[in-house]
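Asker: Read off the chains here:
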Amino acid sequence: MSILSMQGVTKRFGDITAVDRLDMHVAPGEIFGFLGGNGAGKTTSLRMILDIIRPTEGRIAVLGEAPGQEHADRIGFLPEERGLYPSMKAIDTITYFGRLKGMDAATARAEGMALLERFDLAERATSPIADMSKGMAQKVQLATALVNRPDLLILDEPFSGLDPVNQQLLEAEIVRAARRGAAVVFSTHIMQHAERLCDRLLILRRGVKKFEGDLAAAQGLVPPTVRLTARADLAARPGIAAARILGRDGDWTRYEVDLSPDNDPGTLLETLTREGVLLRDFEARHAALHDIFVHLVGSEPQGEAA
Amino acid sequence: MTKILLVAAREFRHIASMRSFWVSMLLLPAALFIAPLIHDLLEDDEPTRIAIIDRDPGPAGEAIAARLAFEDRRDELAALSRYVRRYELEAADPAAPWAVHDRALTGADVAAYEDAGGLEAALERIDAVRPDDVRDFDPPSPDYALVEPPAGLAEADAAAIEARRDTIFDRATAAGPVPDDIVLIETDADGRPVIHLVSRDRPDATLLGIVREEAARALRTQALAERGVDPADSATIEALAPPIMISTPQPGGGARETHVIRSILPLALAYMLLMSLLLSGNWMVQGAVEERGSKLVESVIACVRPWQLMMGKLVGTTAVGLSMILVWVGCAIVAALMTKGIVADLLRPALDSIATPGAILAIVYFFVLGYVMLSTLFLAIGVLSDNMNEAQGFIMPMMMIILLPVMYMLQAIVQDAGGIGLQIMTWFPPVTPFAVLARLGAGIETWELVGTAILLAAFTALMLWLVGRLFQASLLKSGQKSGIGQLIDRFRIAQD
Ligand SMILES: Nc1ncnc2c1ncn2[C@@H]1O[C@H](COP(=O)(O)OP(=O)(O)O)[C@@H](O)[C@H]1O
Ligand SMILES: [Mg+2]
Numbered sequence: 001m002s003i004l005s006m007q008g009v010t011k012r013f014g015d016i017t018a019v020d021r022l023d024m025h026v027a028p029g030e031i032f033g034f035l036g037g038n039g040a041g042k043t044t045s046l047r048m049i050l051d052i053i054r055p056t057e058g059r060i061a062v063l064g065e066a067p068g069q070e071h072a073d074r075i076g077f078l079p080e081e082r083g084l085y086p087s088m089k090a091i092d093t094i095t096y097f098g099r100l101k102g103m104d105a106a107t108a109r110a111e112g113m114a115l116l117e118r119f120d121l122a123e124r125a126t127s128p129i130a131d132m133s134k135g136m137a138q139k140v141q142l143a144t145a146l147v148n149r150p151d152l153l154i155l156d157e158p159f160s161g162l163d164p165v166n167q168q169l170l171e172a173e174i175v176r177a178a179r180r181g182a183a184v185v186f187s188t189h190i191m192q193h194a195e196r197l198c199d200r201l202l203i204l205r206r207g208v209k210k211f212e213g214d215l216a217a218a219q220g221l222v223p224p225t226v227r228l229t230a231r232a233d234l235a236a237r238p239g240i241a242a243a244r245i246l247g248r249d250g251d252w253t254r255y256e257v258d259l260s261p262d263n264d265p266g267t268l269l270e271t272l273t274r275e276g277v278l279l280r281d282f283e284a285r286h287a288a289l290h291d292i293f294v295h296l297v298g299s300e301p302q303g304e305a306a
Numbered sequence: 001m002t003k004i005l006l007v008a009a010r011e012f013r014h015i016a017s018m019r020s021f022w023v024s025m026l027l028l029p030a031a032l033f034i035a036p037l038i039h040d041l042l043e044d045d046e047p048t049r050i051a052i053i054d055r056d057p058g059p060a061g062e063a064i065a066a067r068l069a070f071e072d073r074r075d076e077l078a079a080l081s082r083y084v085r086r087y088e089l090e091a092a093d094p095a096a097p098w099a100v101h102d103r104a105l106t107g108a109d110v111a112a113y114e115d116a117g118g119l120e121a122a123l124e125r126i127d128a129v130r131p132d133d134v135r136d137f138d139p140p141s142p143d144y145a146l147v148e149p150p151a152g153l154a155e156a157d158a159a160a161i162e163a164r165r166d167t168i169f170d171r172a173t174a175a176g177p178v179p180d181d182i183v184l185i186e187t188d189a190d191g192r193p194v195i196h197l198v199s200r201d202r203p204d205a206t207l208l209g210i211v212r213e214e215a216a217r218a219l220r221t222q223a224l225a226e227r228g229v230d231p232a233d234s235a236t237i238e239a240l241a242p243p244i245m246i247s248t249p250q251p252g253g254g255a256r257e258t259h260v261i262r263s264i265l266p267l268a269l270a271y272m273l274l275m276s277l278l279l280s281g282n283w284m285v286q287g288a289v290e291e292r293g294s295k296l297v298e299s300v301i302a303c304v305r306p307w308q309l310m311m312g313k314l315v316g317t318t319a320v321g322l323s324m325i326l327v328w329v330g331c332a333i334v335a336a337l338m339t340k341g342i343v344a345d346l347l348r349p350a351l352d353s354i355a356t357p358g359a360i361l362a363i364v365y366f367f368v369l370g371y372v373m374l375s376t377l378f379l380a381i382g383v384l385s386d387n388m389n390e391a392q393g394f395i396m397p398m399m400m401i402i403l404l405p406v407m408y409m410l411q412a413i414v415q416d417a418g419g420i421g422l423q424i425m426t427w428f429p430p431v432t433p434f435a436v437l438a439r440l441g442a443g444i445e446t447w448e449l450v451g452t453a454i455l456l457a458a459f460t461a462l463m464l465w466l467v468g469r470l471f472q473a474s475l476l477k478s479g480q481k482s483g484i485g486q487l488i489d490r491f492r493i494a495q496d
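Chains as they are written, first to last, in the numbering used here: chain A, 1 to 306; chain B, 1 to 496.
Note that these hints are calculated values from the structure, not bench results.
Errors might be hidden in some of the hints.
[What the hints assert, rightly or not] Derived PhoX-like pairs: lysine-lysine, alpha-carbon spacing no greater than 20 Å straight-line: (1) A/Lys-134 <-> B/Lys-295; (2) A/Lys-89 <-> A/Lys-134; (3) A/Lys-89 <-> B/Lys-295.
Bear in mind the structure is a predicted one, so any value in this text is a computation, not a measurement.
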């Protein structure tokens with residue numbers, strides 16, 4: 001049961017292959033992260049889902065059908081490049097988009113007011129966009145995406161350019177939409193948000209999918225590290241690939257340990273205990289999404305060139 | 001369809017919220033309203049003031065004064081006669097000089113008119129038969145007024161007057177009315193009158209003619225008297241003139257005049273089409289450029305297909321243009337009703353000539369389709385340019401392509417110089433609507449009408465298709481150099 005799926009989707013612009021044989025699917029109620037550096041093909045993929053551009057090859061199913069603007073009434077979209085009609089009033093803008101998505105004027109306006117209320121912008125409802133601060137305009141644009149209570153919410157780099165307060169508000173809205181049962185697909189190159197929010201995620205490198213799955217599965221790709229403090233010398237023990245000394249306190253030494261591929265933190269603790277190695281603390285750390293990304297893509301998410 | 005209308009409504013509201021829209025829309029009616037005022041202001045209805053200093057015992061001085069008065073009377077009578085003829089009011093008094101239109105007015109006619117009580121009496125009779133919707137008679141302002149000579153000139157000779165020309169004609173310092181011309185009549189050594197005309201400006205030819213004629217007549221009469229001819233006889237002889245029978249077209253008739261009048265409404269429509277197109281085309285370009293510049297187009301085309309967005313823009317802009325024209329036409333009608341006179345006189349035959357179902361259909365068809373077609377061209381500009389500066393570079397040549405032929409066309413129609421040029425332009429799609437509207441009054445062959453209608457429809461469809469592709473391909477692009485290569489590139493991408 002997926003609300004969105006891609007099968008073998010490829011998009012070429014001339015010689016550039018922006019998206020290469022991509023398969024993916026998203027279920028209702030799921031928060032799905034599209035991760036990748038600049039030029040990885042995130043925007044291109046999202047635009048194909050919205051039928052703003054057409055794939056060169058492959059099949060896309062949105063809400064069980066081919067993509068198209070006739071699904072607009074069930075979709076919310078926040079593009080990467082933000083912008084609104086500067087002379088239009090905030091509430092009129094939201095109402096306009098609501099109506100483009102098939103709502104009647106009164107419902108769209110009421111829903112728009114409710115959103116502005118929630119975003120603490122109710123008293124600016126009749127201000128023209130041009131008179132608003134950038135942060136306010138961003139909230140209005142988010143409202144245009146949410147006004148029709150979409151079943152599929154698509155956000156392209158939604159966190160970029162937001163101040164911390166608005167980032168929090170956006171995270172709350174994403175969670176809220178998912179609780180309601182909507183599928184949320186967002187792209188980002190900032191891993192912290194994805195780590196906090198995503199039920200499942202997909203990592204793209206130059207149009208090619210490197211990973212799709214939940215966070216635990218991603219963490220499984222990179223062995224965890226262990227931090228421990230011991231008296232013994234841990235340098236040459238079986239099951240330990242490398243041990244870095246972080247500091248000393250009397251005869252205690254603090255280590256950061258990389259496990260060998262077949263090992264895991266539990267086994268290590270068991271071995272050490274059985275061998276009578278005295279430990280003052282033991283802490284297993286899962287790889288951060290950032291590290292997983294670097295591991296899979298081979299470069300920093302911000303720095304990847306097209 | 002609803003989406004197209006939604007986009008159109010937004011476009012309409014957007015343009016209607018711009019100050020430039022209101023200024024442009026009200027400019028034309030304001031001009032219509034102000035033009036007559038300025039015309040009145042500039043019109044010279046001040047009479048020419050003439051002072052006569054007569055030191056000759058002969059009749060020349062009186063004759064000139066009498067003739068000037070006669071001229072004004074005759075002008076008044078002629079105007080009244082034209083008025084009576086235009087509104088067919090001869091029944092008021094078929095024998096009156098103002099009810100006879102087939103010969104030049106003579107001194108006897110003016111005398112009869114005067115004897116019958118002049119203008120006041122004539123209007124009294126005319127009012128009795130005048131229908132309510134006929135405007136009042138507006139007598140012409142007199143051309144001449146006799147004034148007293150400036151003080152201190154009674155004894156001065158020509159040289160003395162000449163010496164004081166700076167002060168006598170100076171309106172700022174003079175006490176009484178300042179004459180425009182001073183006619184000084186003296187007697188020479190042979191006892192014959194000598195006339196000096198001292199003029200503030202160049203004297204007008206008519207005045208010069210009158211002075212010469214009357215002085216000569218006085219001399220002749222005097223000479224005849226010296227040779228023993230009775231002054232009464234000589235006056236009779238002087239007055240001998242063959243009656244001049246004249247035939248002029250009914251006001252509003254006449255070949256050329258009819259032709260122009262029949263063309264007035266279509267021409268006015270063509271002109272309004274042009275004006276409102278140039279304005280709304282500009283707004284359209286601006287809107288399209290802004291929409292792409294502010295990056296909001298992606299949100300819109302996530303909800304609306306590009307062709308729907310394009311059609312919405314076209315419908316919205318066309319609606320703006322047409323409502324502008326409706327306002328203008330409304331103003332014209334109000335003006336016509338208010339002035340009731342001349343405008344209505346022109347309007348009635350003008351309306352008659354195009355008030356057939358076929359003509360109305362043709363006007364509406366060419367007007368609306370022309371609007372859509374040219375708006376599409378403007379939209380193409382908006383789609384090809386990344387900013388307003390760049391767009392201006394396209395708008396100028398585009399305006400020239402439309403403006404020059406249309407200006408030539410309007411000129412040609414008014415001067416009744418149709419010909420082959422006009423015919424060719426009719427088949428050049430960008431100006432077809434103007435050409436057809438312009439030619440409608442003079443008459444245009446049915447086959448030509450149908451042919452150009454089909455051509456225009458085909459051209460409009462082609463433009464819509466081309467610009468539609470361009471629109472779709474260009475929506476998400478900006479910042480790239482525009483050029484032929486780029487254009488072809490966009491078409492290629494649009495094929496994907
Ligand atoms: N309209 C387009 N024409 C040509 N190339 C494009 C177009 N859109 C995207 N690309 C190329 O496709 C690749 C993927 O771009 P994009 O999907 O925008 O990446 P991301 O959103 O992940 O940063 C880039 O190399 C970009 O240059
Ligand atoms: Mg992107």
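Asker: Hint by hint, say whether it matches the structure.
Answerer: Okay, the hints, checked on the actual structure:
A C-alpha spacing of about 14 Å is found between A/Lys-134 and B/Lys-295, which places the hinted pair at or below 20 Å, so the restraint holds. A C-alpha spacing of about 15 Å is found between A/Lys-89 and A/Lys-134, which places the hinted pair at or below 20 Å, so the restraint holds. For the suggested pair A/Lys-89 and B/Lys-295, the alpha carbons sit about 17 Å apart, so the restraint of at most 20 Å is met.
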